[in-house]
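With the hints as your guide, set chain B onto chain A.
In the order they appear, the protein sequences are chains A and B. Going by my numbering, the final residue of the first sequence carries number 535, and the count climbs one at a time with no gaps. Going by my numbering, the final residue of the second sequence carries number 407, and the count climbs one at a time with no gaps.
Keep in mind that the hints are not guaranteed to be accurate.
[As the list claims (entries may be wrong)] Derived pair list, reagent style DMTMM-like, types lysine to aspartate or glutamate, alpha-carbon separation capped at 20 angstroms: (1) A:Lys-233 to A:Asp-367; (2) A:Lys-233 to B:Asp-132; (3) B:Lys-381 to B:Glu-287; (4) B:Lys-381 to B:Glu-350; (5) B:Lys-84 to B:Asp-132; (6) A:Lys-258 to A:Glu-205; (7) B:Lys-84 to A:Asp-315; (8) B:Lys-84 to A:Glu-198; (9) B:Lys-406 to B:Glu-350.
[Stated by the list, open to error] Chain A is nowhere near these chain B residues, computed Cβ spacing over 10 angstroms in every case: (10) Asp-145; (11) Ala-158; (12) Thr-177.
In case anyone wonders, no lab produced these hints; they're calculated from the structure. Quick caveat: nothing in here was measured; it's all calculated off a predicted structure. All C-beta atoms, glycine included, are put in the ideal place defined by N, C-alpha and C.
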Amino acid sequence: MGATLNELVSVPQVSGPRAAVLEFRGQGGEYFRIWIVNLLLKIVTLGIYSAWAKVRTKRYFYGSTLLEGAAFEYHATPIQILKGRLIAAALIAVNSLAGHFLPWLAVALTIAYLLLAPWVVNMSLRFNARMSSYRNVRFDFQGTYWRAFLVLFVLPVASALTLWILAPVWHRAVARYLAQGYRFGGRPFAADPPLGRLYVIYLQAFGLLMLFAAILLGTMFLDVPHPGEPQGDGASWRFLVFMVLPIVLLVPFQLLLLAFIRAKGRNLVFAGLTLDGRHRFASGLSPWGYAWIVIGNLAATLLTLGLFAPFAQIRSARYTAERTAVYPASDLSEFLAGLPADPNAFGSEFSDLVGLEIGI
Amino acid sequence: MERFAGWCYAKDGPQRIAVQASVDAAGVLAMGGVAQAQWSTLGVSDRVGNIPRRITLPDGRVLETADNDAVDRIELRFRRRRGTAWAHRLERRWGWAVAALILTVAVGWLAATRGVPLAARGVAFALPAEALAVASQQTLSTLDRVVLRPSGLTEARQAEIADLLRRVGAAAGDPGRYRLELRDGGRIGANAFALPDGTVIVTDQLVQLAEVDEQVLAVLAHEVGHVERRHGMQRIAQSTALGLLLTLVSGDVSQVLSVASALPAMLLESSYSRDFEREADARGVELLHRLGVPPANLARMLERLEEKHGGKGRTSWLSSHPATPERVRAIAKP
Numbered sequence: 176m177g178a179t180l181n182e183l184v185s186v187p188q189v190s191g192p193r194a195a196v197l198e199f200r201g202q203g204g205e206y207f208r209i210w211i212v213n214l215l216l217k218i219v220t221l222g223i224y225s226a227w228a229k230v231r232t233k234r235y236f237y238g239s240t241l242l243e244g245a246a247f248e249y250h251a252t253p254i255q256i257l258k259g260r261l262i263a264a265a266l267i268a269v270n271s272l273a274g275h276f277l278p279w280l281a282v283a284l285t286i287a288y289l290l291l292a293p294w295v296v297n298m299s300l301r302f303n304a305r306m307s308s309y310r311n312v313r314f315d316f317q318g319t320y321w322r323a324f325l326v327l328f329v330l331p332v333a334s335a336l337t338l339w340i341l342a343p344v345w346h347r348a349v350a351r352y353l354a355q356g357y358r359f360g361g362r363p364f365a366a367d368p369p370l371g372r373l374y375v376i377y378l379q380a381f382g383l384l385m386l387f388a389a390i391l392l393g394t395m396f397l398d399v400p401h402p403g404e405p406q407g408d409g410a411s412w413r414f415l416v417f418m419v420l421p422i423v424l425l426v427p428f429q430l431l432l433l434a435f436i437r438a439k440g441r442n443l444v445f446a447g448l449t450l451d452g453r454h455r456f457a458s459g460l461s462p463w464g465y466a467w468i469v470i471g472n473l474a475a476t477l478l479t480l481g482l483f484a485p486f487a488q489i490r491s492a493r494y495t496a497e498r499t500a501v502y503p504a505s506d507l508s509e510f511l512a513g514l515p516a517d518p519n520a521f522g523s524e525f526s527d528l529v530g531l532e533i534g535i
Numbered sequence: 074m075e076r077f078a079g080w081c082y083a084k085d086g087p088q089r090i091a092v093q094a095s096v097d098a099a100g101v102l103a104m105g106g107v108a109q110a111q112w113s114t115l116g117v118s119d120r121v122g123n124i125p126r127r128i129t130l131p132d133g134r135v136l137e138t139a140d141n142d143a144v145d146r147i148e149l150r151f152r153r154r155r156g157t158a159w160a161h162r163l164e165r166r167w168g169w170a171v172a173a174l175i176l177t178v179a180v181g182w183l184a185a186t187r188g189v190p191l192a193a194r195g196v197a198f199a200l201p202a203e204a205l206a207v208a209s210q211q212t213l214s215t216l217d218r219v220v221l222r223p224s225g226l227t228e229a230r231q232a233e234i235a236d237l238l239r240r241v242g243a244a245a246g247d248p249g250r251y252r253l254e255l256r257d258g259g260r261i262g263a264n265a266f267a268l269p270d271g272t273v274i275v276t277d278q279l280v281q282l283a284e285v286d287e288q289v290l291a292v293l294a295h296e297v298g299h300v301e302r303r304h305g306m307q308r309i310a311q312s313t314a315l316g317l318l319l320t321l322v323s324g325d326v327s328q329v330l331s332v333a334s335a336l337p338a339m340l341l342e343s344s345y346s347r348d349f350e351r352e353a354d355a356r357g358v359e360l361l362h363r364l365g366v367p368p369a370n371l372a373r374m375l376e377r378l379e380e381k382h383g384g385k386g387r388t389s390w391l392s393s394h395p396a397t398p399e400r401v402r403a404i405a406k407p
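For reference, chain A alone in the conformation it holds in the complex (with noise of 0.2 angstroms):
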């Protein structure tokens, strides 16, 4: 295999075997052929096509990530993820039908979703998770209702309420719902990033924060065209600079705010990860080359008018790929080796699975 992690990013250096560093094998052209044929599929289908879109979009990204030299799988069929997409497609109808012409009944029902909503979202990581699988193990996610209920309404909502104060307790619980919820061949993950440090990512964001504000502020009020000055072109291109660019900008810096926020979080988080107990992760992603990453990629998929949009995926699964790292504690296929085969691993109550998705 190619370079360690520590030659491409510095990372924390484990003790231990080198890193395996994942490798992404994906190709922008390559891909731009499979998205506009999926797109255009998509279209003339009135949308049933998605669901082979998105096997075979997945199926592109899992199979050109590799570890080792072996690809990642992606195993859900179009017709799992059809069923799962109809589903949505009439919960979403029947809601905003009922909008129109019973809102009492879309209130029930909105209610009726929102309490569904965590048992859902650990229903579609576990579909997801079931459905991947490395040198022919599979992932698995087990999450309680609880669990989820905490992470997607309970701290979101206390973070607004203490003015984002609480922002760096929900992100360490997301963290440790997914990591704790995930298997692989049975074994499980565990995080515990430490609250102090996500403190103090929160916190250096929170000074970019008010770097960009002053700046703002200060382009408004340094130049208050004085009395008696000549109006005209030059005052609307004041305006253009002092008034239009802060609000053109502001897309970029809250990209940019959360591009900082995810790099760092990642790398801490994988800091902490173990597999089992005894493998170890590492994320080497620079916020700076992240951020740089989403708003090139969103500025030039705005300019091609989504053109980019493919090279784009290529371009950040790659940034990412390369920058993750897996430390394990004796060599990789001793480790896989020593996993017992799983009976129901490729069994056919996945085929029952039903492809429910939603991002998280």
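This is chain B only, laid out in the frame that chain A set:
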């Protein structure tokens, strides 16, 4: 004889050995020279780009190989039903990609300009009268709660306006369908709306703005045009269909693009809305001719409304409706 290298995995497990696989002229797969199974009994994953192929043997073992071309050649020869292999054939060539891009733009454009309005019309006219009634009463009670106040006009004046609507309804051939609701317009001022079930809401301010009753009659004729063509229901159906279409196009791309697609959605919806206004104007003119009222009354009323609202800088009036001079010209046409 096709040969390719790969990994053979144990059933449901990570244990694997590197193997040399081959498929002979009879279609029998061998690994390390040992015959395993007939190719047509194997489960072979569809090709996507150049990601490894997964070949599942009848006994559950898995043969994984990166030699996509060899697998494709074998599939072509020994498989009767080849799943979605056609998808990869489209995805493989730049020519198809360019064709797909052109077609996507063309089909997307047709769907947005023709398909969505056509589908919305179909849906709107398929809905039963009860559905129209429920949706309309819902809208009216919401409007009453949020902006409208009880009318301040005298009962005699209200009866006169109701009589105007009866005349328009009779001219349209369906006098029982229309029902007048007069309201104080509050902050929306002089305005009139048609609800799908035939309820026509007219504000006091509009009645006061009219110089003669023929001008109110002209507005009512325009609103009856909206009701007859079920524009209200079409609008709901259009925004739903458009939402679905845009989700299809931008949904998988990114969250940010989904937000960015709100702008084209708004532009399209106001363009649909302008088409509705033109239709309602044309139908209004027709009805006015039948009643022997000069259509210039509608044109005059539109101009007065623009003066009123334009003075307040209401651009939404202009964007969801064609520019008044254009409408006035269209009305004046014989």
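Against the structure, the hints:
With a C-alpha separation of about 29 angstroms, the suggested pair Lys-233 (chain A) and Asp-367 (chain A) falls outside the 20 angstroms cut-off, and the hint is violated. Proposed proximity of Lys-233 (chain A) and Asp-132 (chain B) is contradicted: the alpha carbons are some 27 angstroms apart, above 20 angstroms. Taking the CA atoms of Lys-381 (chain B) and Glu-287 (chain B), the gap is about 19 angstroms. The hint holds against a cut of 20 angstroms. Straight-line distance between C-alpha atoms of Lys-381 (chain B) and Glu-350 (chain B) comes to about 19 angstroms, which keeps the hinted pair within the 20 angstroms bound.
Distance restraint check for Lys-84 (chain B) and Asp-132 (chain B): the Cα-Cα separation of roughly 7 angstroms lies within the 20 angstroms cut-off, and the hinted pair is therefore satisfied. Between Lys-258 (chain A) and Glu-205 (chain A) the CA atoms are separated by roughly 29 angstroms; this puts the pair beyond 20 angstroms, and the hint is violated. This hinted pair checks out: Lys-84 (chain B) and Asp-315 (chain A) have alpha carbons roughly 18 angstroms apart, not beyond 20 angstroms. A hinted pair counts as satisfied when its Cα atoms are at most 20 angstroms apart, and Lys-84 (chain B) with Glu-198 (chain A) does not qualify at roughly 26 angstroms.
Pair hint Lys-406 (chain B) plus Glu-350 (chain B) holds up; C-alpha atoms about 16 angstroms apart against a cutoff of 20 angstroms. Every CB of chain A is more than 10 angstroms from the CB of Asp-145 (chain B) (nearest about 16 angstroms), matching its label as outside the interface. Under the 10 angstroms C-beta cut-off, the non-interface status given to Ala-158 (chain B) relative to chain A holds; the minimum distance is some 12 angstroms. Under the 10 angstroms C-beta cut-off, the non-interface status given to Thr-177 (chain B) relative to chain A is violated; the minimum distance is some 5 angstroms.
When the structure is compared with the earlier hints, violations turn up for hints 1, 2, 6, 8, 12 and for no others.
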